[in-house]
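K.L.:
As you go down the protein sequences, you meet chains X and Z in turn. Position in the first sequence counted from 1, then plus 775, gives you the numbering used here. Position in the second sequence counted from 1, then plus 200, gives you the numbering used here.
Just so you know, the hints here were simulated from the structure itself, not pulled from any lab data. Don't take each hint at face value.
As the list claims (entries may be wrong) - Chain Z regions said to be covered by chain X (calculated; three or more residues, Cβ under 8 Å):
| no. | region |
| --- | --- |
| 1 | 237 to 248 |
| 2 | 304 to 311 |
What the hints assert, rightly or not - If we take Cβ atoms under 10 Å as the criterion, some of the chain X residues that face chain Z in the derived model are:
| no. | residue |
| --- | --- |
| 3 | Ser-794 |
| 4 | Gly-816 |
| 5 | Ala-866 |
Since we're looking at a predicted model, the values are computed, not measured. We put the beta carbon where it would ideally sit given N, CA and C, even for glycine.
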Amino acid sequence: GESVGLHLPTLSVQEGDNSIINCAYSNSASDYFIWYKQESGKGPQFIIDIRSNMDKRQGQRVTVLLNKTVKHLSLQIAATQPGDSAVYFCAENTGFQKLVFGTGTRLLVSP
Amino acid sequence: DTEVTQTPKHLVMGMTNKKSLKCEQHMGHRAMYWYKQKAKKPPELMFVYSYEKLSINESVPSRFSPECPNSSLLNLHLHALQPEDSALYLCASSQAFSGRGTDTQYFGPGTRLTVL
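Okay, chain X solo, but in the shape it has when bound (with noise of 0.2 Å):
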């Protein structure tokens, strides 16, 4: 299940199934969006990105979905893996360099 309040947002799923993360972005004028991991202890690590020019960009078990009509992004993540337990942050290039990032959501993996 999914709960947002005081602590971070939480997605709770069991492996093998496929995750949905998502992301309200502030800046309509955001050009280029990427998706981090962050494990405990550890920096941001690049999954994705993807431009203003496109709606979709798939890599390996990962997926962005872009809309830009309602400043939303989401990352699907296929096969679920206790591996993939972490911390996701979306990120906006506000202009020149400047990333904004989202609050995170932490995806919980159970095997």
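Chain Z: place on chain X using the hints.
P.N.:
Chain Z in isolation, oriented as in the chain X frame:
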């Protein structure tokens, strides 16, 4: 190779100390960044260097002083910090070929700073 290295991994300092954080990349990137990340929060941009020149300072207090000695190195000098400055300090780099900066930023592992 998309590696950004940071030293030290952990740092504990008193409010009167002077210390420095170091960041290095050998990917030929010409933009380098400092971010601050508090627990359970997203990274927040502090500084951007582009071609070894400071291009963005996000109104960071002067007790944080960045330095870019060459295209591979980025330092963050710390002086008279406060306990609320305790955080994970992240360095990142990108190619900076695009004028709008739509280049992927690659992050180091961070330095966990504790100010007593």
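K.L.:
Now look at each hint and say whether the structure bears it out.
P.N.:
Now the hints, each set against the structure:
Beta-carbon proximity to chain X at under 8 Å applies to 7 residues in the region 237 to 248 of chain Z; the threshold of 3 is reached and the given coverage holds. For the region 304 to 311 of chain Z, the proposed coverage by chain X is satisfied: 7 residues have a C-beta within less than 8 Å of a C-beta in that chain, meeting the threshold of three. Hint status for Ser-794/X: violated, given a least beta-carbon distance of 19 Å to chain Z, over 10 Å. A distance limit of 10 Å between C-beta atoms decides the matter here; for Gly-816/X the minimum to chain Z is near 8 Å, and the interface restraint holds.
With 10 Å as the threshold, the beta carbon of Ala-866/X comes within range of chain Z, its nearest partner Cβ sitting at about 8 Å, so the hint holds.
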